[in-house]
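Visitor: Take a look at the letters that make up each chain.
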Amino acid sequence: MFNFLNPSNFFVLFNKVSKSIKIIIVPLIIVALVFSLFASPGDYIQGDSVRIMYVHVPSAWIALICFSLIGFLTILNFLFKFKNALIIYKSLAPIGFTFCLISIVTGSVWGQPTWGTFWAWDARLTSMLILLVFYILFICSYKFVEDPNLSSKICAGISILGLSNLFIIKYSVNFWSTLHQPASVNILGKTSVHKSMLLPLSLMLLAFLLYCALIFLMKYRAEVIRMKKKGLKRL
Amino acid sequence: MNLNIFFMNGYGLYVWSAFIFTFLACFILFFKTRKSLKKLENDFKTEVKELSTEQIETLKTRKISREILASQPKAK
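Residue numbers (this note's numbering), protein chains in the order written: chain A, 60 to 294; chain B, 46 to 121.
In isolation and in its complexed conformation, chain A is listed as follows (with noise of 0.2 Å):
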């Protein structure tokens, strides 16, 4: 298991996994974009504006999957000194920042035609925009702290701060009264999401874990190639 996840095992399987991913997603994209533009239906409410919901939605997961295994692998990188968890974490961090902002402005656009106002300073959004500052936080602290050390404790510090802002975001919608509506989908409950939605939603979704794990694997072989450069020197 551990000998899995040493680098260069990582390293190598880089390029197989990559080039099917490439394959894959393009055409996988344009059925997500041809399903959620044009072939769902629109809401009974919020008519054709609940398509944003496409985008959004899976934005926001990945947003909060994200920061979920950065907070889970700075912890093991503080304790263990892992160090594969180290380059994880750093190529985890900027598609989470993407995402969380991705969910943060299309969010923003939605609430518009629905609530009638691009922001309002509700716990959900509020809750959103600090993870947002969490993951512009953790991003400053490991590319400008030049002392390793120093800046895996501020990254575990942020972590564990940014991981119980997630039960707020999470719980935000039962705790309080919010313009944000509680979930709609859950694994485990009941999902209130008509079939006709829910398949372009998981189209979607699919297709943005397969973008992230294709960002995610550049990230990693960079870090890797970036760890490799500094040991040329020690030839």
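A few of these clues could be false.
What the hints assert, rightly or not - DSSO-like cross-link-like pairs, simulated, lysine-lysine; straight-line CA separation at most 27 Å:
| no. | chain 1 | residue 1 | chain 2 | residue 2 |
| --- | --- | --- | --- | --- |
| 1 | B | 94 | B | 80 |
| 2 | A | 75 | B | 83 |
| 3 | A | 254 | B | 80 |
| 4 | A | 287 | B | 84 |
| 5 | A | 202 | B | 83 |
| 6 | A | 78 | B | 90 |
| 7 | B | 77 | A | 81 |
| 8 | B | 84 | A | 288 |
| 9 | A | 78 | B | 84 |
| 10 | B | 80 | A | 142 |
| 11 | B | 83 | A | 142 |
| 12 | A | 212 | A | 288 |
| 13 | A | 75 | B | 105 |
| 14 | B | 90 | B | 105 |
| 15 | B | 105 | A | 142 |
| 16 | A | 287 | B | 105 |
| 17 | B | 108 | B | 84 |
| 18 | B | 84 | B | 94 |
| 19 | B | 80 | B | 105 |
| 20 | B | 90 | A | 288 |
| 21 | B | 80 | A | 287 |
| 22 | A | 81 | B | 94 |
| 23 | A | 78 | B | 83 |
As the list claims (entries may be wrong) - Derived Cβ-Cβ restraints for the label pairs, each shown as a range:
| no. | chain 1 | residue 1 | chain 2 | residue 2 | range |
| --- | --- | --- | --- | --- | --- |
| 24 | A | 86 | B | 65 | 27 to 37 Å |
| 25 | B | 111 | A | 189 | 41 to 51 Å |
| 26 | B | 92 | A | 235 | 53 to 63 Å |
| 27 | A | 250 | B | 96 | 57 to 67 Å |
| 28 | A | 235 | B | 107 | 47 to 57 Å |
| 29 | A | 100 | B | 108 | 50 to 60 Å |
| 30 | B | 83 | A | 289 | 14 to 24 Å |
| 31 | B | 81 | A | 101 | 18 to 28 Å |
| 32 | B | 92 | A | 105 | 34 to 44 Å |
| 33 | B | 96 | A | 205 | 19 to 29 Å |
| 34 | B | 105 | A | 177 | 50 to 60 Å |
Don't read these hints as lab results, they were simulated from the structure.
This one's a predicted model, so the numbers in the text were calculated from it and none came from an experiment.
Ideal Cβ positions, reconstructed from N, Cα and C, are used throughout, including at glycine.
Got chain A; can you put chain B on it based on the hints?
Guide: Relative to chain A, chain B alone:
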């Protein structure tokens, strides 16, 4: 031609702008990542060329270094 599929009953501006922003952000991240990866690969190869033959041979025994050196940049 039914233009309503683009206007989306008046919501077209919101829907299209949300999708365009999403895919633009994804494209920017993809091309930025690819550019920095290519730059790092080329820098690595340039630095390897400056090494002695013995050092290069040592490097070729390592899995990752061998794989980076084997990857060919696309012709422009």
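Visitor: Now look at each hint and say whether the structure bears it out.
Guide: A quick look at each hint next to the structure:
About 21 Å separates the Cα atoms of residue 94(B) and residue 80(B), which keeps this hinted pair within 27 Å; it holds. Distance check on the hinted pair: residue 75(A) and residue 83(B) sit about 18 Å apart at the alpha-carbon level, within 27 Å; holds. Restraint check: the Cα-Cα separation between residue 254(A) and residue 80(B) comes to about 40 Å, which exceeds 27 Å; the hinted pair is violated. Our distance criterion of 27 Å between C-alpha atoms is met by residue 287(A) and residue 84(B), whose separation comes to about 14 Å.
Only pairs whose Cα atoms come within 27 Å are accepted, and residue 202(A) paired with residue 83(B) is accepted, the gap being roughly 20 Å. For the hint linking residue 78(A) to residue 90(B), the alpha-carbon distance of about 22 Å falls within 27 Å, and the restraint holds. Only pairs whose Cα atoms come within 27 Å are accepted, and residue 77(B) paired with residue 81(A) is accepted, the gap being roughly 17 Å. Restraint check for residue 84(B) and residue 288(A): the C-alpha separation of about 12 Å stays at or below 27 Å, so the hint holds.
Restraint check for residue 78(A) and residue 84(B): satisfied, since their Cα atoms lie roughly 20 Å apart, inside the 27 Å limit. Taken as a hint, the residue 80(B) and residue 142(A) pair is honoured in the structure, with Cα atoms around 25 Å apart against an allowance of 27 Å. For the hint pairing residue 83(B) with residue 142(A), the CA-to-CA distance comes to about 23 Å; that is within 27 Å, so the pair holds. For the hint pairing residue 212(A) with residue 288(A), the CA-to-CA distance comes to about 25 Å; that is within 27 Å, so the pair holds.
Our distance criterion of 27 Å between C-alpha atoms is met by residue 75(A) and residue 105(B), whose separation comes to about 21 Å. Annotation: proposed proximity of residue 90(B) to residue 105(B) holds, straight-line Cα distance about 12 Å (limit 27 Å). Simply put, residue 105(B) and residue 142(A) have alpha-carbon atoms about 22 Å apart, close enough for the 27 Å limit, and the pair holds. A threshold of 27 Å between alpha carbons decides the hint, and for residue 287(A) with residue 105(B) the separation of about 13 Å falls inside it, so the pair holds.
Between residue 108(B) and residue 84(B), the direct Cα distance comes to roughly 20 Å. Compliance with the 27 Å bound is thereby established for this hinted pair. Straight-line distance between C-alpha atoms of residue 84(B) and residue 94(B) comes to about 15 Å, which keeps the hinted pair within the 27 Å bound. Distance restraint check for residue 80(B) and residue 105(B): the Cα-Cα separation of roughly 25 Å lies within the 27 Å cut-off, and the hinted pair is therefore satisfied. At roughly 9 Å between alpha-carbon atoms, residue 90(B) and residue 288(A) fall within 27 Å of each other, so this suggested pair holds.
Taking the CA atoms of residue 80(B) and residue 287(A), the gap is about 18 Å. The hint holds against a cut of 27 Å. With a C-alpha separation of about 31 Å, the suggested pairing of residue 81(A) with residue 94(B) is violated against the 27 Å cut-off. Between residue 78(A) and residue 83(B) the alpha-carbon distance is near 16 Å, which keeps this suggested pair within the 27 Å criterion. Judged by the Cβ atoms, the range 27 to 37 Å given for residue 86(A) and residue 65(B) is violated: they are separated by roughly 21 Å.
For residue 111(B) paired with residue 189(A), a C-beta distance near 45 Å keeps the hint of 41 to 51 Å intact. The hinted window of 53 to 63 Å between residue 92(B) and residue 235(A) holds, with their beta carbons roughly 55 Å apart. Range check, residue 250(A) to residue 96(B): Cβ separation about 58 Å, and the 57 to 67 Å hint holds. Range check, residue 235(A) to residue 107(B): about 55 Å between beta-carbon atoms, so the 47 to 57 Å window is met.
About 52 Å separates the C-beta atoms of residue 100(A) and residue 108(B), a value consistent with the hinted range of 50 to 60 Å. At about 19 Å, the beta-carbon gap between residue 83(B) and residue 289(A) stays in the expected band of 14 to 24 Å. At about 41 Å, the beta-carbon gap between residue 81(B) and residue 101(A) misses the expected band of 18 to 28 Å. At about 56 Å, the CB distance of residue 92(B) to residue 105(A) disagrees with the hint of 34 to 44 Å.
Evaluation of the 19 to 29 Å hint for residue 96(B) and residue 205(A) yields a pass: the beta carbon distance comes to about 26 Å. Taken as a hint, the range 50 to 60 Å holds for the pair residue 105(B) and residue 177(A), whose Cβ atoms sit roughly 57 Å apart.
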